[in-house]
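Protein sequences, first through last, are from chains A and B. Mapping the first sequence onto this note's numbering, position 56 (from 1) lands on 101, and the numbers just tick up by one. Mapping the second sequence onto this note's numbering, position 299 (from 1) lands on 344, and the numbers just tick up by one.
Check the hints yourself; a few may be wrong.
Claimed, not checked - Under the rule of at most 27 Å between Cα atoms (straight-line distance), these lysine-lysine pairs were calculated in the BS3-like manner:
#, chain 1, residue 1, chain 2, residue 2
1, B, K108, B, K96
2, A, K282, A, K96
3, B, K208, B, K282
4, A, K274, A, K237
5, A, K141, A, K356
6, B, K282, A, K216
7, A, K274, B, K108
8, B, K216, A, K216
9, A, K274, B, K72
10, B, K356, B, K346
11, A, K208, B, K208
12, A, K282, B, K216
13, B, K108, B, K347
14, B, K319, A, K280
15, B, K141, B, K282
16, B, K319, A, K72
17, A, K208, B, K356
18, A, K216, B, K274
19, A, K319, B, K216
20, A, K216, B, K208
21, B, K108, A, K108
22, B, K274, A, K72
23, B, K280, A, K319
24, B, K346, B, K237
25, B, K216, A, K208
26, B, K96, A, K216
27, A, K274, B, K208
28, A, K96, A, K108
29, B, K356, B, K141
30, A, K216, B, K280
Stated by the list, open to error - Computed beta-carbon distance windows for the label pairs:
#, chain 1, residue 1, chain 2, residue 2, range
31, B, H355, A, Y269, 36 to 46 Å
32, B, T204, A, K208, 49 to 59 Å
33, A, Q241, B, E190, 51 to 61 Å
34, A, Q226, B, H172, 26 to 36 Å
35, A, H172, B, S119, 47 to 57 Å
36, A, D73, B, D316, 10 to 20 Å
37, A, M120, B, D122, 53 to 63 Å
38, A, D94, B, S268, 25 to 35 Å
39, B, T204, A, S268, 17 to 27 Å
40, B, T204, A, Q226, 52 to 62 Å
No lab work stands behind these hints: they were computed from the structure. Glycine included, every Cβ here is placed at the ideal spot set by N, Cα and C.
Protein chains: 2
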Amino acid sequence: MDSKDVKQDASCCSPVCVHNPHLDALKDDVLYHFSLGTGTHDLPAMFGDVKFVCVGGSPWRMKSFIEYIAAELSMEDPKAEYPNICAGTDRYAMYKVGPVLSVSHGMGIPSIAIMLHELIKLLHHAHCTDVTIIRIGTSGGIGLEPGTVVVTKQSVDATFLPKFEQVILGKTVVRNTDLDQSLAEELLQCSKELSQFETVLGNTMCTLDFYEGQARLDGAFCSYTENDKQDYLNKAKEARVCNIEMESSVFAAMCKLSGLRAAVVCVTLLDRLKGDQLSSSHEVLHSYQQRPQILVGSYIKKQLKAKAAHK
Amino acid sequence: MDSKDVKQDASCCSPVCVHNPHLDALKDDVLYHFSLGTGTHDLPAMFGDVKFVCVGGSPWRMKSFIEYIAAELSMEDPKAEYPNICAGTDRYAMYKVGPVLSVSHGMGIPSIAIMLHELIKLLHHAHCTDVTIIRIGTSGGIGLEPGTVVVTKQSVDATFLPKFEQVILGKTVVRNTDLDQSLAEELLQCSKELSQFETVLGNTMCTLDFYEGQARLDGAFCSYTENDKQDYLNKAKEARVCNIEMESSVFAAMCKLSGLRAAVVCVTLLDRLKGDQLSSSHEVLHSYQQRPQILVGSYIKKQLKAKAAHK
Chain A
46 MDSKDVKQDA
56 SCCSPVCVHN
66 PHLDALKDDV
76 LYHFSLGTGT
86 HDLPAMFGDV
96 KFVCVGGSPW
106 RMKSFIEYIA
116 AELSMEDPKA
126 EYPNICAGTD
136 RYAMYKVGPV
146 LSVSHGMGIP
156 SIAIMLHELI
166 KLLHHAHCTD
176 VTIIRIGTSG
186 GIGLEPGTVV
196 VTKQSVDATF
206 LPKFEQVILG
216 KTVVRNTDLD
226 QSLAEELLQC
236 SKELSQFETV
246 LGNTMCTLDF
256 YEGQARLDGA
266 FCSYTENDKQ
276 DYLNKAKEAR
286 VCNIEMESSV
296 FAAMCKLSGL
306 RAAVVCVTLL
316 DRLKGDQLSS
326 SHEVLHSYQQ
336 RPQILVGSYI
346 KKQLKAKAAH
356 K
Chain B
46 MDSKDVKQDA
56 SCCSPVCVHN
66 PHLDALKDDV
76 LYHFSLGTGT
86 HDLPAMFGDV
96 KFVCVGGSPW
106 RMKSFIEYIA
116 AELSMEDPKA
126 EYPNICAGTD
136 RYAMYKVGPV
146 LSVSHGMGIP
156 SIAIMLHELI
166 KLLHHAHCTD
176 VTIIRIGTSG
186 GIGLEPGTVV
196 VTKQSVDATF
206 LPKFEQVILG
216 KTVVRNTDLD
226 QSLAEELLQC
236 SKELSQFETV
246 LGNTMCTLDF
256 YEGQARLDGA
266 FCSYTENDKQ
276 DYLNKAKEAR
286 VCNIEMESSV
296 FAAMCKLSGL
306 RAAVVCVTLL
316 DRLKGDQLSS
326 SHEVLHSYQQ
336 RPQILVGSYI
346 KKQLKAKAAH
356 K
């Protein structure tokens with residue numbers, strides 16, 4: 046499977062591609078973890094106009110994002126609640142306003158992968174075109190002032206290589222973790238214009254574990270020293286890793302396969318060279334977490350304005 | 046790191062072990078993803094009496110479990126709501142009644158691993174002893190009637206080997222996935238006495254992905270045939286795999302390291318040899334999901350009764 050048949054040319058209609066000949070044979074497609082399906086929901090009517098999808102780990106944050114974006118786009122109805130489209134399940138939460146969809150994905154590669162399989166099928170069934178998808182998340186920084194936003198250049202694994210290993214039928218298949226470089230540049234430009242907080246372009250390390258997998262000294266288990274930790278994180282820094290999180294590699298791989306224009310925008314909650322615990326106040330951490338929302342909100346607003354002017 | 050220093054003898058007090066010399070140096074320990082901490086909460090007062098911990102993916106299910114167990118143990122207060130102890134975060138949900146703690150863990154190895162690191166530290170800080178932990182979950186069955194409950198004998202990986210690979214400082218460390226065999230037998234015996242549904246002892250395959258990782262034909266991507274799928278699942282069956290889920294291996298490995306008596310009890314929602322989609326009615330799936338709760342509830346009740354008689 047590759048993505049050579051995926052049209053990336055933004056000037057024509059670019060569909061959301063599934064690569065699965067078996068799907069056509071399904072009478073109905075149940076998107077179980079969304080509590081949605083082709084037999085029970087009119088997906089083209091519900092989602093056909095989606096142009097931007099924002100995803101993040103926390104359901105609360107994805108709800109607050111849709112409220113923020115509604116206000117930014119002046120599409121808010123002060124009387125309206127934004128209903129959770131996936132109210133029939135507690136696995137993920139989903140909100141929509143105009144062309145923007147906001148979806149939570151939980152923590153870690155397996156959790157976001159389930160969501161992305163069903164999201165890609167949803168966008169495909171809804172006949173969406175020219176969709177941009179951005180992960181807005183939190184991360185640990187390496188040598189950056191806490192609160193710095195990192196736009197990911199390349200997602201790398203725990204050995205600093207830009208690859209994602211997918212196990213299929215018990216065999217490991219290596220997938221590319223390229224993200225859309227022009228989108229990353231546009232987001233960086235947006236942040237310069239905003240001028241509200243520091244934003245950098247850099248590599249993002251994606252791990253399968255938060256404690257031992259990220260060289261933390263404060264997990265239930267730790268068999269290495271502070272020096273071992275510093276050595277590892279400094280090697281990461283030499284490989285231009287700016288931050289560490291737990292979803293970017295499979296996000297990049299799956300979005301590339303399906304022809305989605307994709308970016309990862311994460312704020313750093315602490316400098317891992319200086320510590321491991323997230324002990325900043327709730328208020329400080331909360332204000333940091335709003336930064337990717339503000340940046341992506343501003344990007345979407347700019348894009349929609351440009352599109353309207355073009356018409 | 047190994048667990049040779051862990052006392053498993055149930056006749057004396059068996060503590061919950063952390064293996065991390067750095068923890069003593071922490072002034073406060075912030076259990077970030079629980080929104081709890083040693084500096085902000087009296088963990089021994091809140092959790093010191095915990096003897097049974099039940100964990101499962103879905104926060105709704107773990108809330109319904111605590112309501113069920115409260116009624117089973119005649120500890121319910123009809124006027125009481127069971128408050129979410131982790132109300133300050135949306136990462137996990139936690140409920141408690143008497144000696145029973147119920148905690149959600151989200152989907153996949155990374156998500157349950159974060160929860161277990163913080164849970165093991167919580168139980169350690171609270172000076173809990175003789176704790177039994179049981180994962181109650183859902184799974185895909187192999188050659189079993191849907192609704193069958195599987196008590197895991199051994200958790201195996203996608204190549205059917207009983208191991209869990211943990212990446213530490215970029216290097217892979219292999220950990221043992223042994224579960225407590227006597228606990229598994231006791232649960233099986235309990236199910237026989239209940240005689241409400243079929244329960245079997247067998248191996249459980251733990252994968253990093255729900256779609257391609259479990260040979261499903263209905264994901265966004267699929268590069269193999271129905272025959273390839275059947276071959277793979279039949280090889281799994283030959284290796285005595287009865288069901289497939291996404292958390293048991295790291296659960297077994299971490300519980301073993303910390304000296305927790307651990308079991309995995311999952312209901313099968315479908316027979317994967319016959320299909321991939323979860324298309325049974327909501328009511329049928331819901332009734333299946335109650336079976337591990339009923340079994341574990343009955344086990345806990347029996348244990349507490351035996352303990353009370355012994356006093």
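Results for each hint:
Using a Cα cut-off of 27 Å, the hinted pair K108(B) and K96(B) holds, with the two alpha carbons roughly 18 Å apart. Proposed proximity of K282(A) and K96(A) is contradicted: the alpha carbons are some 35 Å apart, above 27 Å. For the given pair, K208(B) sits about 18 Å from K282(B) by alpha-carbon distance, which is consistent with the 27 Å threshold. For a cut-off of 27 Å, the pair hint linking K274(A) to K237(A) is broken: about 33 Å separates their Cα positions.
For the hint pairing K141(A) with K356(A), the CA-to-CA distance comes to about 24 Å; that is within 27 Å, so the pair holds. Between the alpha carbons of K282(B) and K216(A) the distance comes to roughly 17 Å, so the proposed pair stays at or under 27 Å and holds. The straight-line distance between the Cα atoms of K274(A) and K108(B) is roughly 38 Å, outside the 27 Å bound, and the hint therefore fails. For the proposed pair K216(B) and K216(A), the alpha carbon gap of about 20 Å is at most 27 Å, so the pair holds.
Under the criterion of a C-alpha separation no larger than 27 Å, the hint pairing K274(A) with K72(B) is consistent with the structure, at around 20 Å. Between the alpha carbons of K356(B) and K346(B) the distance comes to roughly 16 Å, so the proposed pair stays at or under 27 Å and holds. For the hint linking K208(A) to K208(B), the alpha-carbon distance of about 23 Å falls within 27 Å, and the restraint holds. Pair hint K282(A) plus K216(B) holds up; C-alpha atoms about 17 Å apart against a cutoff of 27 Å.
Taking the CA atoms of K108(B) and K347(B), the gap is about 21 Å. The hint holds against a cut of 27 Å. Between K319(B) and K280(A), the direct Cα distance comes to roughly 48 Å. Violation of the 27 Å bound is thereby established for this hinted pair. Restraint check for K141(B) and K282(B): not satisfied, since their Cα atoms lie roughly 38 Å apart, outside the 27 Å limit. At most 27 Å may separate the alpha-carbon atoms for a hinted pair to count; K319(B) and K72(A) meet this at roughly 16 Å.
Taken as a hint, the K208(A) and K356(B) pair is broken in the structure, with Cα atoms around 58 Å apart against an allowance of 27 Å. As the CA atoms of K216(A) and K274(B) are separated by approximately 13 Å, the hinted pair is consistent with the 27 Å bound. For the suggested pair K319(A) and K216(B), the alpha carbons sit about 23 Å apart, so the restraint of at most 27 Å is met. A distance of roughly 16 Å separates the Cα atoms of K216(A) and K208(B); the hinted pair therefore holds under the 27 Å criterion.
For the hint pairing K108(B) with K108(A), the CA-to-CA distance comes to about 22 Å; that is within 27 Å, so the pair holds. Proximity of K274(B) to K72(A) is assessed by CA-CA distance (about 20 Å); at most 27 Å being required, the pair is judged to hold. Straight-line distance between C-alpha atoms of K280(B) and K319(A) comes to about 48 Å, which puts the hinted pair past the 27 Å bound. Under the criterion of a C-alpha separation no larger than 27 Å, the hint pairing K346(B) with K237(B) is consistent with the structure, at around 15 Å.
Between K216(B) and K208(A), the direct Cα distance comes to roughly 16 Å. Compliance with the 27 Å bound is thereby established for this hinted pair. Taking the CA atoms of K96(B) and K216(A), the gap is about 40 Å. The hint is violated against a cut of 27 Å. For a cut-off of 27 Å, the pair hint linking K274(A) to K208(B) stands: about 25 Å separates their Cα positions. Restraint check for K96(A) and K108(A): the C-alpha separation of about 18 Å stays at or below 27 Å, so the hint holds.
Taken as a hint, the K356(B) and K141(B) pair is honoured in the structure, with Cα atoms around 24 Å apart against an allowance of 27 Å. Of the pairs offered as hints, the one joining K216(A) and K280(B) holds, with about 13 Å between alpha carbons and a cut-off of 27 Å not exceeded. Distance hint for H355(B) and Y269(A): a CB-CB separation of about 43 Å, consistent with the stated range 36 to 46 Å. Hint check: T204(B) to K208(A), Cβ distance near 20 Å, so the stated range 49 to 59 Å is violated.
In this structure the hint that Q241(A) and E190(B) lie 51 to 61 Å apart at CB holds, the actual value being about 58 Å. The beta-carbon spacing between Q226(A) and H172(B), approximately 53 Å, falls outside the hinted interval of 26 to 36 Å. In this structure the supplied range 47 to 57 Å holds for H172(A) paired with S119(B), their Cβ-Cβ distance being about 56 Å. Distance hint for D73(A) and D316(B): a CB-CB separation of about 19 Å, consistent with the stated range 10 to 20 Å.
Checked against the given bound of 53 to 63 Å, the beta carbons of M120(A) and D122(B), roughly 45 Å apart, lie outside it. At roughly 31 Å, the beta-carbon separation of D94(A) and S268(B) lies within the given 25 to 35 Å, and the hint holds. For the pair T204(B) and S268(A), the supplied restraint of 17 to 27 Å holds, since their beta-carbon distance comes to about 26 Å. A beta carbon spacing of about 36 Å between T204(B) and Q226(A) contradicts the range 52 to 62 Å that was offered as a hint.
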